[in-house]
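Residue numbers (the numbering used here), protein chains in the order written: chain A, -3 to 198; chain B, -3 to 198.
Be a bit skeptical, because a hint or two may be false.
Since the list gives no way to pick out one identical chain from another, each pair is judged satisfied if it fits inside one copy or across any two copies.
[Said to hold, decoys possible] Keeping only pairs whose Cα atoms sit at most 16 angstroms apart, straight-line, the calculated EDC-like set for lysine to aspartate or glutamate is:
#, residue 1, residue 2
1, Lys127, Glu193
2, Lys182, Asp159
3, Lys87, Glu43
4, Lys52, Asp93
5, Lys184, Asp159
6, Lys38, Asp140
7, Lys52, Glu112
Everything labelled a hint here was simulated from the structure, so no lab data went into it.
One-letter residues, chain by chain:
There are 2 protein chains.
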Amino acid sequence: MSEGLLIIISGPSGAGKGTVCKELLSMNLPDLELSVSATTRKPRTGELEGISYFFKEKEEFVQMINQNEFIEYAQVYDNFYGTPRSYVQNKLDSGKDVILEIDIQGAMQVKKNNPEGVFVFIMPPSFEELKHRIISRGTDSHKDILKRLHEAYREVLLSRNYDYIVTNDDVKTAADKVRSIITAEKCKLQRTKIDYESYKED
Amino acid sequence: MSEGLLIIISGPSGAGKGTVCKELLSMNLPDLELSVSATTRKPRTGELEGISYFFKEKEEFVQMINQNEFIEYAQVYDNFYGTPRSYVQNKLDSGKDVILEIDIQGAMQVKKNNPEGVFVFIMPPSFEELKHRIISRGTDSHKDILKRLHEAYREVLLSRNYDYIVTNDDVKTAADKVRSIITAEKCKLQRTKIDYESYKED
């Protein structure tokens, strides 16, 4: 059984990585799946164990951290979020391509342990558009907006650590580019297994 | 002006590189063009100078070889065929992506001088299918068929020098893979030019 691709899709807040992933998954590519994260936050109405998240108690999560059972994890305020290593590895071993939609700190953790992954950075189309998107959410104070913009600039610089940059001018175009990246990666010489001897006439 | 991609599409006789290129060009991708070769063979009815070929006299062609004006060239029986360097470079400089549909010997010549090119090997789906395609042309003698099959095996081994392998089970699928490779290559970090400073808030 051939091993699947590990595809890391990340980018600054406001770049639209979530909508790009949703669009990509709506294309129903064979063997492509979004990874499921583990978290210590409580389930919200409608969220399902193993589909929305793997819900964990804090002690269990910390024990998993100590046993190196996460490809990447982070603490956000009082809650932990992480990508379980065995879950992802089982999917890859069974030939599935797995998408991790994660922030840049998480992606840099993944890169240390899984450099063979395909790292895609979703770039906001421009500073003006990023500003517009962050402001139009309407949930942030002026101070928070400035903080987010500064953080976004710092994160844009980190795109230099990725394999591919996809500028998100338009969600459908961006998702098609990610689809193309996945298709192209599967055609790479190193990933193809040709039985050369079968082309030899007897 | 950003420089275009040089895309080399080649493969053994019978792999179907010509039909894959035709299908790809029918997708009308912006900025994608098939290169025009120079040749010393006489124009056939309907062939146009600068569109079908650049038709040259033998002396002129040999002079161009001596002045290193071909990216690659070959002699086939009494005629020369080659890809003019300045023609391709002008296209690339103006931002066009240029496809060279050439045989494997030619591709290996291009690789020496243009290692930044994107080298795509069109692989016949199987030995049986290749045999079928070569025989069903009906133009070759039994001895010629055996010679072609042996040559094809030797050429399949050379696919190890390419960046991408596209198996031509189905022309539309193969052409879509090449399209994806072009799209993905344009998203590669090294090929994108991000103005990082424009993301810095004032």
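Can you tell me if Lys182 and Asp159 fall within 16 angstroms by alpha carbon in one copy, between copies, both or neither?
both (15 angstroms within a copy, 11 angstroms between copies)
How do Lys184 and Asp159 come out at 16 angstroms by Cα distance, when the copy is not named: within, between, both, or neither?
both (14 angstroms within a copy, 6 angstroms between copies)
As a check of your reading, is Lys52 near Glu112 (CA-CA no more than 16 angstroms) within one copy, between copies, both or neither?
neither (29 angstroms within a copy, 49 angstroms between copies)
As a check of your reading, is Lys52 near Asp93 (CA-CA no more than 16 angstroms) within one copy, between copies, both or neither?
neither (25 angstroms within a copy, 51 angstroms between copies)
Up to 16 angstroms between alpha-carbons, please classify Lys38 paired with Asp140: within, between, both or neither.
neither (26 angstroms within a copy, 72 angstroms between copies)
Using 16 angstroms as the alpha-carbon threshold, which applies to Lys127 and Glu193: within, between, both, or neither?
The answer is between: 15 angstroms across copies meets 16 angstroms, while 57 angstroms in one copy does not.
If the cut is 16 angstroms between Cα atoms, do Lys87 and Glu43 qualify within a copy, between copies, both or neither?
Neither, since 22 angstroms and 54 angstroms both go past 16 angstroms.
Of the numbered hints stated above, those contradicted by the structure are hints 3, 4, 6, 7, listed in ascending order.
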